[in-house]
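Peer 1: Start counting the sequence shown at 1; every next residue gets the next number (my numbering).
Treat the hints with caution; some may be incorrect.
Have a look at the derived ranges for each label pair, beta carbon to beta carbon [claimed, not checked]: (1) N81 x Q146: 46 to 52 Å; (2) A55 x D103: 46 to 52 Å; (3) T50 x Q4: 17 to 23 Å; (4) R116 x L41: 29 to 35 Å; (5) G119 x H148: 33 to 39 Å; (6) K132 x T90: 35 to 41 Å; (7) L14 x A55: 20 to 26 Å; (8) L139 x R23: 33 to 39 Å; (9) A83 x D103: 32 to 38 Å; (10) D145 x I122: 30 to 36 Å; (11) G61 x D145: 23 to 29 Å.
Because the hints were derived from the structure by calculation, they are not lab data. Virtual Cβ for every residue (Gly too), placed ideally from N, Cα, C.
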Amino acid sequence: LAAQLEEIVAAANLRLNTMTGGRFALEHDDQLQFRGVRSGLSLAIRDEHTGRSRATHSLSGGETFLASLALALGLAEVVSNQAGGIRLDTLFVDEGFGSLDSDTLEVAMTTLDSLRAGGRTIGLISHVEAMKEQIPAKLQISVTDQGHSVIEEGYAVV
C-alpha cells in the first residue's frame, strides 16, 4: 500500500503544484504510528514558503480543500492506470467550497473546468452563491413543505 500511496502522491502533486503556484507538495510520511505500530500511510505537507514539512491538519480550510482535490484526482489517475487505462470520467465534489476565499475558489473552478474540458463529467454540490454564474448547467434542489425534494423550475435538467 505504501508504494501505491507514493504513486498517488506523485500524481496528486502535479495538480497541487499547479493549484498552489508551487507552494505546497504532499509527502508520504511513514512515521505515523497507529496503536504503537507504524502505519506507513500518513501524509505531510511540504511548504516551500517556509522550506519545512508540517502536518496536513495545519492547512487552512481552502488549502485542505485543494490538497484533497489533488489527492482525489491523483487517486483517479493511478486507479485508471492500474486498471488497464479504464477512465474514471465522473467526479463529484460535495461541498468544501464555502471555506474558500475568492482566489482559491477561482483556482478550484479553473481546475475543475479543465477536467470538464478534457471530457470528464463534474458534479458539484454546493450552497455557494458565487458559483452559480460559473457553472454552465445546473440543478437546484429544494425541499417541499411535505419533505420531498424537487427540482426548481428554470434550471436545466442535464
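Peer 1: To test your reading of the hints: which numbers does this structure violate?
Peer 2: 2, 3, 6, 11
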